[in-house]
Amino acid sequence: MASTPTPSTPPQPAVPPSSGVTVTAWSPGEDVIEVMRTPAPGPARSGFRTFIETIRGLVTTAGRFVEHPTTVQYPEEKTAVYPRFRGRHKLHRFEDSHLEKCVGCSLCAAACPADCIRVVAAENTPENRVSAGERYAAVYEINLSRCIFCGYCEVACPFDAITMGHDYELSDYDRTDLIFTKEMLLAEPLERTPLRNEGE
Amino acid sequence: MIAPLAVVGYYEEWWIQVLKAIIIFAVGLQLVPVVLLAERKLLGRFQSRYGPNRVGPYGALQPLADILKLLTKEQFRPSTSIGFLFAVAPIISIVTAVAAFAIIPFGNVQSIFGTPVGLYGIDVSIGPLYLFAFSAIAFYGIMLGGWASGSKYSFLGAMRGAAQLISYEVSQGLALLGVIFTAQTLSLTGIVNAQAGMWYIVPQFFGFLIFLTASFAETNRAPFDLVEADAELVGGYNTEYGGGRFASYYFAEYLNVLVISGIVTTVFLGGWMLPFGIHPPGWVDPFVVLFKMGLITFLFIWVRATLPRLRYDQLMTFGWKVLLPLATLNALVTAVVVVAAN
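Respectively, the protein sequence lines represent chains V and F. Residue 165 in numbering that gives the first Met the number 0 sits at position 166 of the first sequence; the count goes up by one each step and never skips. Residue 85 in numbering that gives the first Met the number 0 sits at position 86 of the second sequence; the count goes up by one each step and never skips.
Keep in mind the hints are simulated off the structure, nothing from the lab. Take these hints with a grain of salt, some might be off.
[Unchecked claim] Facing chain F, from chain V, some residues (calculated, C-beta under 7 Å):
hint: 1; residue: Arg63
hint: 2; residue: Thr69
hint: 3; residue: Thr70
Yeah, the Cβ is synthetic: ideal placement off N, Cα and C, and Gly gets one too.
Extracted from the complex, chain V is given alone in its bound form (with noise of 0.2 Å):
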């Protein structure tokens, strides 16, 4: 087996076979690796295997059949999310004083990677005081087209103005119907997701 490729010669005309020309056969060469196989079954053995075999897998599916299905029924029941769940955000107020936490600071646009955040700051006066702060958010947006729910914004909040919400059913018919105002994200959301409870 072991035996070196011998180097091929040049062809030659048809040789006698008595000229003393040794035909060796073709080596694979070293890194040919033989595996040991069990020896095949017998027809009954495999026969019999296969109808086993066969009936196993139908009391595999027959298990299946008698236990309930594992479908969520989506618009009627609801998969439960967790608390830290990352869903639509939310923008939140003072519970005493009703002033909205956000003070305009942008930083929330600056942290977000996909730049959906659009802040306009202006100044609190005695008259119009929007927010606890110097400044307030005159325009805040958030489109959610773009959003990525990666919850920068969130981290990068100083008051805690801007928060991720549980709510994942955003779809809607218009691109525009998605770019969320100050307005839509303070008010207080629709809670339609269920929450999953500790341990759950």
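Once you have looked at the hints, place chain F on chain V.
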């Protein structure tokens, strides 16, 4: 009036025959959507999901919606197809399936309002031969449909269908021979009556298994559904079909499943007989037969949910090298036993 080509077991008045034909066809027609829905629901359950449950209560109107959708579609035909054959092929399939349905006995001769009526389409003295004759013609439906489509996928599917049907029809016939030897008759009502003592599934268990396996192939059902192997042939012989013609092929396929269930019920499960010597009144018989047919159809769906599709060479090897010798052996052993016992 030509002489009948086969002796018919029992004759009724012509108007009873017509009425019977209409009723049996109507029942068969109603059973197909039920089987269609049952298949989709059961397949879902076997795969831990619900299956269709949106149209109507528990999805009960799903087949109606499917059929309405198919029938209102445009009758599309590829430019490379052969028009006449393309249109005629689904009709061949559906006609043969309905014709084969006629021989399934749903009960013995009953007296309905004083008129004796056999609860079957026709009781021919060549029952199994009639079945095989029509399943042989049914193959033209697939073959012509695939060929006349002018598409390579359809053609390949039809070719596979031809080879498969021819291979497995032999085993199917040989598996029935054991029963025919034992019952000494080819009439299906005769075979049922011969099972009064014991259903043939007990002495002919191997015949039953072989017949059932060959029937999976004959009806182009999984695991032998190479004819329409979706993964490689798009849809097989019916790739180019749509709308009503596609619905006809579907109808024929499910009616064939029902016919085979009926034949298995009749030949191996004692037809309208109940076990343990229970003799209910005559009007129960059709329901007993329908219940047994339902069991066999359930088995068809169960197997479809379980087994993967065979490779083409495995199909041929199995048909010719395993099933055919076993069927021959079964017939031979039965013949020897029957001769020795008499």
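Structure-based check of each hint:
1. At about 5 Å, the closest approach between the beta carbon of V:Arg63 and any beta carbon in chain F falls short of 7 Å, and the interface hint on this residue holds.
2. Evaluation of the V:Thr69 hint against chain F yields a held restraint, the C-beta minimum of about 5 Å falling below 7 Å.
3. For V:Thr70, the suggested interface contact is upheld, since its CB lies about 5 Å from the closest CB of chain F, less than 7 Å.
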